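Undergrad: Given next are the chains, with one letter for each unit.
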Amino acid sequence: MSMNTSGLNGVMQNAAALYEKSRVCLNNFKSWVQLDSSNLTDGQQLAVKYFTVAVILFFAQILFGMLAATQFIVPGFLYEILDFSVNRMIHINAMIVWMLYGFIGCVYWFLEDESGTEIVGLKLGNIAFWVLTGAVTLVVLVYLLIQIGPGKDSSLWFINEGREYIEAPRWADVGIVVVMLIFFYNVIATFSKGKWSGIAGVLTLDLVALAGLYVAGMFYMTNITHEQYWWWWVIHLWVEATWEVLVGVIMAWSLMKLLGVRRKIVQTWLYIEVALMFGSGILGLGHHYFWIGTPEYWLTIGGFFSALEPIPLVAMVVHAVYDSGTHAFKNGNHPALAWIIAQAFGNFFGAGVWGFMHTLPQINIFTHGTQWSASHGHLAFFGAYATINIAFFYLAIQHWRGDVWMGGGSQNAWRWKWALGLLNGGVLGMTIALLIAGYEQSFIERAVEGSTWGGYFAAQNHPSFQSAMVWRLFFGGMTFAGFILLVWDLLTIGKGETRKAPEIFES
Amino acid sequence: MNETPLWASESFWKKTAIWVTAGSFLILVVLTMDSLSKTSAGSKRVPAYTVINKKIDYQYNKELHKFMPVIGENEFLFGKEYTEEEARQWVDLGKKTTQAKNCMNCHTLLGNGAYYAPDLTKAWLDKGWISREMREDMMVKFLMDPENNARTFGSNRKMPNLDITEQEAKGIIAFLKWMSSIDTNGFPHNFKTIEAEE
Numbered sequence: 001m002s003m004n005t006s007g008l009n010g011v012m013q014n015a016a017a018l019y020e021k022s023r024v025c026l027n028n029f030k031s032w033v034q035l036d037s038s039n040l041t042d043g044q045q046l047a048v049k050y051f052t053v054a055v056i057l058f059f060a061q062i063l064f065g066m067l068a069a070t071q072f073i074v075p076g077f078l079y080e081i082l083d084f085s086v087n088r089m090i091h092i093n094a095m096i097v098w099m100l101y102g103f104i105g106c107v108y109w110f111l112e113d114e115s116g117t118e119i120v121g122l123k124l125g126n127i128a129f130w131v132l133t134g135a136v137t138l139v140v141l142v143y144l145l146i147q148i149g150p151g152k153d154s155s156l157w158f159i160n161e162g163r164e165y166i167e168a169p170r171w172a173d174v175g176i177v178v179v180m181l182i183f184f185y186n187v188i189a190t191f192s193k194g195k196w197s198g199i200a201g202v203l204t205l206d207l208v209a210l211a212g213l214y215v216a217g218m219f220y221m222t223n224i225t226h227e228q229y230w231w232w233w234v235i236h237l238w239v240e241a242t243w244e245v246l247v248g249v250i251m252a253w254s255l256m257k258l259l260g261v262r263r264k265i266v267q268t269w270l271y272i273e274v275a276l277m278f279g280s281g282i283l284g285l286g287h288h289y290f291w292i293g294t295p296e297y298w299l300t301i302g303g304f305f306s307a308l309e310p311i312p313l314v315a316m317v318v319h320a321v322y323d324s325g326t327h328a329f330k331n332g333n334h335p336a337l338a339w340i341i342a343q344a345f346g347n348f349f350g351a352g353v354w355g356f357m358h359t360l361p362q363i364n365i366f367t368h369g370t371q372w373s374a375s376h377g378h379l380a381f382f383g384a385y386a387t388i389n390i391a392f393f394y395l396a397i398q399h400w401r402g403d404v405w406m407g408g409g410s411q412n413a414w415r416w417k418w419a420l421g422l423l424n425g426g427v428l429g430m431t432i433a434l435l436i437a438g439y440e441q442s443f444i445e446r447a448v449e450g451s452t453w454g455g456y457f458a459a460q461n462h463p464s465f466q467s468a469m470v471w472r473l474f475f476g477g478m479t480f481a482g483f484i485l486l487v488w489d490l491l492t493i494g495k496g497e498t499r500k501a502p503e504i505f506e507s
Numbered sequence: 508m509n510e511t512p513l514w515a516s517e518s519f520w521k522k523t524a525i526w527v528t529a530g531s532f533l534i535l536v537v538l539t540m541d542s543l544s545k546t547s548a549g550s551k552r553v554p555a556y557t558v559i560n561k562k563i564d565y566q567y568n569k570e571l572h573k574f575m576p577v578i579g580e581n582e583f584l585f586g587k588e589y590t591e592e593e594a595r596q597w598v599d600l601g602k603k604t605t606q607a608k609n610c611m612n613c614h615t616l617l618g619n620g621a622y623y624a625p626d627l628t629k630a631w632l633d634k635g636w637i638s639r640e641m642r643e644d645m646m647v648k649f650l651m652d653p654e655n656n657a658r659t660f661g662s663n664r665k666m667p668n669l670d671i672t673e674q675e676a677k678g679i680i681a682f683l684k685w686m687s688s689i690d691t692n693g694f695p696h697n698f699k700t701i702e703a704e705e
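Chains A and B, in that order, are what the protein sequence lines are. The numbering of the first sequence is my numbering, which starts it at 1 and goes up by one. The numbering of the second sequence is my numbering, which starts it at 508 and goes up by one.
The hints are simulated quantities; they were obtained by calculation from the structure and are not laboratory data. Honestly, I wouldn't trust all of these hints.
Computed footprint of chain A on chain B, listed as stretches where at least three residues anywhere in the stretch have a Cβ under 8 angstroms from a Cβ of chain A [unchecked claim]:
#1 510-523
#2 539-552
#3 576-584
#4 655-665
#5 688-701
Computed list of lysine-lysine pairs in DSS-like fashion (alpha-carbon distance at most 25 angstroms, straight line) [said to hold, decoys possible]:
#6 B:K522 / A:K195
#7 A:K152 / B:K521
#8 B:K521 / A:K264
#9 A:K152 / B:K522
Sample of chain B residues at the chain A side, in silico, Cβ under 7 angstroms [to be verified]:
#10 Q566
#11 Y567
#12 N612
#13 T615
#14 A621
#15 G635
#16 R639
#17 E675
If you're wondering where the values come from, they're calculated on a predicted model, not measured in any experiment. By construction, the Cβ of each residue, glycine as well, lies at the ideal position given by its N, Cα and C atoms.
The whole structure should be built from the sequences, with the hints applied where relevant.
TA: Following this line, the structure appears as structure tokens:
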């Protein structure tokens, strides 16, 4: 008994010491970064919480991606400890979730500015943040420590649903929907209390669709054709429709703030983008219905509409470049504008060009389910969504520092420039390496060998595939280096800077 | 300043955006209802679960210019003929197990998933199982103990042990057999099955 109490006391003392130590560390960190939260409104303070978790999950995405990439080269690496399936699942889940965190953060960031009033349910928004973050942590711990379960409903409810991108167990799905509803309530209630705008209207309708679609992915079905049908409703209509429109909204607001573009121009463009995006993207869903058992008419519908999908992305490039040009690139936050421009081009090439390259059924029958898709996925997710979030991180940190000047000529500007270069170069390098692997697979595994298991491995063992995997890991390392530099830059940029950023007025 | 022409006005594009979105979504809903009814288990494209009682092959159809599943005479799974309900239960167990074991984050199913391991769409028909007589037994053994029955085709990539029970393994095999009978519009192209003559 006494042993137990002394043991318990020991644990308590250790815990207290650990708590004390981490408190000191946190305080040291705070005095080092010198960020003054009194520069932020309440809504912006909530936004930067989301951004902070987004950056941590971005780190997890790259880390687990590199573990999985290593396993392509050294198959025994972490075998039966952290298998490829686990690493890959965390890699893609961390990506989806960090981008969602980023988007929510962006919306909370500009909600007060756009509506002209304070966020209505701020307290609720804060609770939702902690609930979501707790749930995400728990889900990841279960992924890492429990990984899989028996073939029963309980596994799907509490461990893993085993459906790419939306693996989160069912209990977490319910939680995600509740948190999204709170977020949605905050957006609607705040605009209703303040003032509505074109941007507000598009945002609200888009969020209805975004949250509603998630529900389509919450059911178990024995019939795999039906299951994948609804699964694509969620994945496609998120990333190729509602997320793109959300980015359009965020982009519209940032162009007004960064460059002083007139609201009328920005909103007209936004409507054009919505028309083009939903007009091509909703039925473009058909390109996922070529080979899952669904009727032949999807070959025509999916091929036609997905071929149109790049058009809104071209429009977005024109929009961003034209506005930057007419305002002679005059702006007070150079890294943010650089990332906005990276977004316009990354979105066009990654989602548009790389998507179009393999979207027609005549080529897709050979490329479907090869590294070709991975190549497209890497450039598209990074180009369309990572970039805009990073741009916003820079807008946020500038404001947090008290709106100081952040220009290309500043003393430590090399950091953000190198981070920009390394991240974009790294992802582009991975994209090209995976594209080479995808071509090789399409020819050898698919066209020549006819997709048998023997054909699959003939392609996997081929030297050009193997070397592509080495190059992919190399460029993954480059991306990782860029990420480290990005975090360092975000924590230090504008420190000690006394010049104010020039105020940008609508013109 | 001149008046803004209609095609450049905000209100024109606002209306266009609403109509285009609503119209596209409506078409999608109609097509979804049609597709779901044409792909329910027991339809022409997606056979009933009792198809696991039959011989399944995948052959090039000269008229259609594509590979099509061919459903033949009786060929019982594990030597037993299953009723509609029994067959559904087997396939259901298998499907659920593939989700609970996270198969999709290494393999592709109907071409969707991860690219670390082979596609499972026609796995039941793969020549890798050597002969029809050996197939069921090899599959059960492989699924239950993949490490010691590894089939790495010279890649050194081994499936990990996923604690699959015998019952679950049989369910997975029933699911794979059923999935191989789905009409996937000719995907994968040029696949030579275990039934094909050399």
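Undergrad: Indicate, hint by hint, whether the structure satisfies it.
TA: Taking the hints in turn, this is what the structure says about them:
1. For the region 510-523 of chain B, the assignment as covered by chain A holds, since 6 residues bring a beta-carbon within under 8 angstroms of that chain's beta-carbons and 3 suffice.
2. A count of 9 residues in the region 539-552 of chain B with a Cβ less than 8 angstroms from any Cβ of chain A is obtained; the coverage claim is therefore met, three being the minimum.
3. Only when three residues or more bring their CB closer than 8 angstroms to a CB of chain A does the claim for the region 576-584 of chain B stand; here the count is 0, and the claim is violated.
4. Counting residues of the region 655-665 of chain B whose beta carbon lies closer than 8 angstroms to any beta carbon of chain A gives 8, which meets the minimum of three for the stated coverage.
5. Counting residues of the region 688-701 of chain B whose C-beta sits closer than 8 angstroms to any C-beta of chain A gives 11, which meets the bar of three, so the coverage hint holds.
6. Between K522 of chain B and K195 of chain A the alpha-carbon distance is near 21 angstroms, which keeps this suggested pair within the 25 angstroms criterion.
7. Annotation: proposed proximity of K152 of chain A to K521 of chain B is violated, straight-line Cα distance about 48 angstroms (limit 25 angstroms).
8. At most 25 angstroms may separate the alpha-carbon atoms for a hinted pair to count; K521 of chain B and K264 of chain A meet this at roughly 12 angstroms.
9. A distance of roughly 48 angstroms separates the Cα atoms of K152 of chain A and K522 of chain B; the hinted pair therefore is violated under the 25 angstroms criterion.
10. Of the supplied interface hints, the one on Q566 of chain B is violated, with its beta-carbon coming no nearer than about 12 angstroms to a beta-carbon of chain A, more than 7 angstroms.
11. Taking 7 angstroms as the C-beta cut-off, the interface hint given for Y567 of chain B is violated, the closest approach to chain A being about 10 angstroms.
12. Hint on N612 of chain B holds. Least Cβ distance to chain A is approximately 4 angstroms, under the 7 angstroms limit.
13. Interface hint at T615 of chain B: satisfied, since its Cβ lies 4 angstroms from the closest Cβ of chain A, which is below the 7 angstroms cut-off.
14. Look at A621 of chain B: its Cβ gets to within about 5 angstroms of chain A, closer than 7 angstroms, so that hint holds up.
15. Restraint check, G635 of chain B versus chain A: the minimum CB separation of about 4 angstroms is within 7 angstroms; hint holds.
16. At its closest, the beta carbon of R639 of chain B sits 16 angstroms from a beta carbon of chain A; the interface hint therefore is violated under the 7 angstroms criterion.
17. With a cut of 7 angstroms, the hint placing E675 of chain B at the interface with chain A holds, because the nearest CB-to-CB distance is about 5 angstroms.
In this structure, the earlier hints numbered 3, 7, 9, 10, 11, 16 are contradicted, and the remaining ones agree with it.
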